[in-house]
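Q: Counting in our numbering, the final residue of the sequence shown is number 92, and the numbers go up one at a time with none missing.
Careful, some of the hints might be misleading.
Unchecked claim - Cβ pair distances, simulated, as ranges: (1) R57 x N19: 14 to 20 Å; (2) P42 x P82: 20 to 26 Å; (3) N11 x L74: 24 to 30 Å; (4) T41 x V81: 29 to 35 Å; (5) P42 x Q7: 30 to 36 Å; (6) P82 x Q20: 31 to 37 Å; (7) S6 x R73: 30 to 36 Å; (8) G44 x P82: 28 to 34 Å; (9) E12 x I45: 18 to 24 Å; (10) P42 x N19: 29 to 35 Å; (11) P42 x E15: 17 to 23 Å; (12) R57 x S6: 19 to 25 Å.
For the record, the hints were derived by calculation from the structure and aren't laboratory data. A virtual CB, placed ideally from N, CA and C, is assigned to each residue, including glycine.
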Amino acid sequence: YVACDSQLDENEFLEVSFNQLKTLGIHPKKMMAGLERKITTPDGIIHTRSLMVADLRKSESVKLQEQGIGDHRLLGCGLFVPQKGIDSVDAV
């Protein structure tokens, strides 16, 4: 989940996320926004949304996993974990 402004609609969230990725030198080909969640902290509520980023080069994938995007990474926001691809074995 990526911390974000609660007022952003899905397209705005994707645009902000895309720009953050570009700043890291990551150029995603596919992105999909997912569920919204709220994290309650002593300092207030943090609005988050899940984000899937697909079809990255290996170097971009590693960089995204190492650096993440957005705020509140110490709380687990903006961290990415690798997912198994859905390509058929013959396509690899």
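Q: Of the numbered hints stated earlier in the document, which are not met by this structure?
A: 2, 4, 5, 6, 7, 11 and 12
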